[in-house]
Amino acid sequence: MASVAFDRVSKRFGPALVADDLSLEIADGEFFIFLGPSGCGKSTLLHMIAGVEAPSSGCVRFDARDVTALPPQRRDVAMVFQSYALYPHLDVTDNLAFPLRNRGVSRRAAREEAERVATALGLAGLLDKKPRQLSGGQRQRVALGRALIRHPTVFLMDEPLSNLDAALRIEIREEIKRVHQTHRITTVYVTHDQEEALALADRVAVLRDGRIQQCDTPGQVYARPANIFVARFVGTPPMNLVPGTALAHHPAVRARLGRLDASRVVVGLRPHALEAHAAARPDALTSEVALIEPAGAETWVVAGANEMRLKARLAPGAMLEPRASANIVFSAEAVHLFDAEHGHRLD
Amino acid sequence: MTPLGRFGLGLGLSAVMLWSLAPFVWQLLTSVTPPAELEAHSALFPSAPTLVHYRAILAGQPFGRLMLNSFVAASGATLLALVLGSLAGFALAKLHAPGRVATLAVVVTLSMLPPIATVSPLFLIVNALGMHDTLAALILVYAGFALPLAVWLMTQFFRGVPDELYIAARVDGCSAIGAFMRVMLPLAVPGLVATALLVFIYAWNEFLYALSLTASTASRTMPVGIALFPGIHEVPWGEIAAGSVLATIPAVLLAISFQRRVLEGLTAGAVKA
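One line per chain: the protein sequences are P and X, in this order.
Heads up, the first sequence stops at 347 in the working numbering, and the numbers go up one at a time, no gaps.
Heads up, the second sequence stops at 620 in the working numbering, and the numbers go up one at a time, no gaps.
What the hints contain is simulated information worked out from the structure, not anything from laboratory work.
Quantities reported herein were computed from a predicted structural model and do not represent experimental measurements.
Built from N, CA and C at the ideal position, the CB exists for glycine as well.
Do not take every clue at face value.
Have a look at the derived ranges for each label pair, beta carbon to beta carbon [what the hints assert, rightly or not]:
| hint | chain 1 | residue 1 | chain 2 | residue 2 | range |
| --- | --- | --- | --- | --- | --- |
| 1 | X | Leu442 | P | Ala167 | 35 to 43 Å |
| 2 | X | Met528 | P | Glu195 | 39 to 47 Å |
| 3 | X | Met528 | P | Arg108 | 27 to 35 Å |
| 4 | X | Ser458 | P | Leu168 | 23 to 31 Å |
| 5 | X | Leu442 | P | Glu195 | 31 to 39 Å |
| 6 | P | Cys59 | X | Leu442 | 17 to 25 Å |
| 7 | P | Ala167 | X | Met528 | 37 to 45 Å |
| 8 | X | Arg506 | P | Pro316 | 55 to 63 Å |
| 9 | P | Cys59 | X | Val419 | 51 to 59 Å |
Computed, partial: chain P to chain X, Cβ under 10 Å [unchecked claim]:
| hint | residue |
| --- | --- |
| 10 | Gly51 |
| 11 | Val52 |
| 12 | Pro71 |
| 13 | Arg74 |
| 14 | Ala85 |
| 15 | Pro88 |
| 16 | His89 |
| 17 | Thr93 |
| 18 | Arg103 |
| 19 | Arg259 |
| 20 | Ala262 |
| 21 | Arg264 |
| 22 | Val266 |
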C-alpha cells in the first residue's frame, strides 16, 4: 500500500502533450479516477505509474520514494485493461498464477492461491479454460483476479468496463467497488464515463489536453464544476449552458449575478434542477416544447430553440406534448455562473 | 460460380500446375530411365523404370555426407536467423526504440542486394577468418542473408500481438526479455514456423555461396555436390536427376506439413483479425 504522487510530470508524444506539468497526490488507500474524453492521454498516466512509459520530465513517487527510474517489474503495481489482456496461451489457473510465478512462488503454492482467488470471484469451475472460451464478464473477473492475487501496492485500471454490455458493466462495477472496500488498495482508475467516475471514486480528476480541470470529490465536481468543460462533461443529461443576457431578466439569475455583467457570463442549469410545468407559474421561463424524452424514472422535456434550448425534468403529474408551451421553474441555488470568455466558474 | 467460370478456373489451375510440376516430373522420369535410353535421347517415358541411378549415388559415400552438410547448414542458419530475427522483430514492434522506421528501411534495402554482388567480398572475408570450407561460414552467410526476411516477418507478427499483453506481462513482474520469452514468443509461434520454413528452404536450395565458399565434402552441400557429380565421358544426367529428387523430398515434406502455418505467416498483418 502506498500513496502515489505526480510531481510536475510532463509527457509528450511528438507534438502531442498528454501531460502538461501535472502535479497530484493520491492518498494511500484512495480510489482515484482520471476522467476525460477518449484520446486525452489518460492511459499514458497509468503507464507512467506502472513504469512502462517514462515521463518526459518530472517524477513519479510512491510514498516518499522516487520510482521514476524503476522498471515495471520492480514497482509492484497491478493493472486491469479494457481489452482484459489475458494471456491467450495460458488457462485461467496459469493466468492467475502468472504474477506469482514471476516472483518465484512455487508452482503448487501459486496454483493453490489461484484456486482461492478464483473461488472468491466466482470462477471456480473455469480454472482449466482458456481465455477465448470465456465470456466478456468472466474474462474481466479473471483479469481482476490476476491483479488481486499478489496484493499489489497500487491497483491500476484502464477503462475496465468499457468492453462489457450494460448489465454486466454494473455487475463488475460493484465487484470492483467491493474489492476496493475489502482490500483498501490504492486504486487509480481511468475512464471516459462520468457515471462510472461518480459511482466509484473517492476523488475525481477531470482531464483535458494534459491538464487537470478539476480535482475533487464526485459530489463537489457535480455540485460545483470548476469550468464550462467540467460542467458539460460531468452529469447526465449534460448541463444546459445559456448566454447570461438571455436569462438576465430572470429573478433567480439576477439575484446570483449581482454586479456581474450578464454579457460576460454563461449561465449553467442542470436538467435535474429545472422543472417543466404545463400550467403557468410565477417567474417561469415559457417556451415551446421541442421533444419529450421518457427515461424511466424521469421524463425529459426539451424546450426552446437555439441558444435558449433547455432540457428540463417534467414536473410530477404534469402532461406536456411537443409544440405545447412549457413553463420552466428553477431556484437561485440551481444557477451556475461561468466566465463567457475563459470558461472558469465565477462564484 | 457458373459452370463456365468453374471450367475456366480449373483450366487456369491446371496450367499453373503443369508449369510448376513439369520440370520436376521430367526430373523424376529421368531419374528412373535406364542409362542407355538416356544416352540415346529416346522416349520421354522409360521403357522399364530402374533404380540404378539411385543405387549409384547412394553407394558412393559422399552422398550421405552432402545430405548431412545441407541439413546442418540449413538448420544452423534457420536457428540463428530465428533467434536474431525474433529478438529484433520484438524490439522493432514493441519497444519504443529510437530509429525503428529507419532500421526497417535499411533491413528492406539490404534484402534487395543481389547475392552475386557480395560473393567476392564474402569469399575474402571468410578466407581471412580462416573459415574457408567450413559449415560455420555457410551458416553465418545464410543467416545473414535470411535475416532481413526474418526480421521483417517477425516484426509484422509481434505487431499483431496487442500492446496490452506486453504491458500486462511487464506489470505482472517480467523483465523485457522475460515478457518476450514467456508471453510474446509463445504467441508468435505461427510466425516462427513460417519464418523457419522459408529460411530453411532458402538455405537448403542455395547454390552460389555454397559453390564459392566450399571446397570439399567437408562442407559441400547437396546442390553443389549434385552439380559436381563426376561423369566419365559425359554429364551423368541420371544420377543428377536422382540426387535432385532425393534433395527435394525433405523440403516438400516440410512444406506440406506446415503449409497452413506458412500461409497464416505470410499474410500476417495484411488483414486485421
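Arginine 506 of chain X and proline 316 of chain P, beta-carbon distance inside 55 to 63 Å?
Hint holds: Cβ distance 57 Å, inside 55 to 63 Å.
Per the hint of 39 to 47 Å, is the separation of the Cβ atoms of methionine 528 of chain X and glutamate 195 of chain P within bounds? holds, 41 Å
| With a cut-off of 10 Å, does the beta carbon of valine 266 of chain P approach a beta carbon of chain X closely enough for the hint to hold? | With a closest approach of 40 Å, the valine 266 of chain P hint is violated.
Could you see if the CB distance from leucine 442 of chain X to glutamate 195 of chain P stays within 31 to 39 Å? holds, 37 Å
The hint names valine 52 of chain P as touching chain X; please verify it with the least Cβ-Cβ distance against 10 Å.
holds, 5 Å
A closest beta-carbon separation below 10 Å is what the hint needs, so does threonine 93 of chain P meet it against chain X? violated, 15 Å
Given arginine 103 of chain P as an interface hint, is its Cβ closer than 10 Å to any Cβ of chain X? Hint on arginine 103 of chain P: holds, closest Cβ of chain X at ~6 Å, below 10 Å.
Taking the least C-beta to C-beta distance, is proline 71 of chain P closer than 10 Å to chain X?
-> holds, 7 Å
Point to revise | Interface hint status, arginine 259 of chain P versus chain X (Cβ within 10 Å) | key: violated, 54 Å
Holds or violated: 37 to 45 Å for the Cβ distance of alanine 167 of chain P and methionine 528 of chain X? For alanine 167 of chain P and methionine 528 of chain X the Cβ distance comes to about 40 Å; the hint holds.
Q) So the hint says 51 to 59 Å: do the beta-carbon atoms of cysteine 59 of chain P and valine 419 of chain X match that? A) Once the Cβ atoms are compared, 54 Å apart, the range 51 to 59 Å for valine 419 of chain X and cysteine 59 of chain P holds.
Kindly confirm whether 35 to 43 Å is satisfied by the beta carbon distance between leucine 442 of chain X and alanine 167 of chain P.
holds, 40 Å
Hints 3, 4, 17, 19, 20, 21 and 22 from the earlier list are contradicted by this structure; the remaining hints agree with it.
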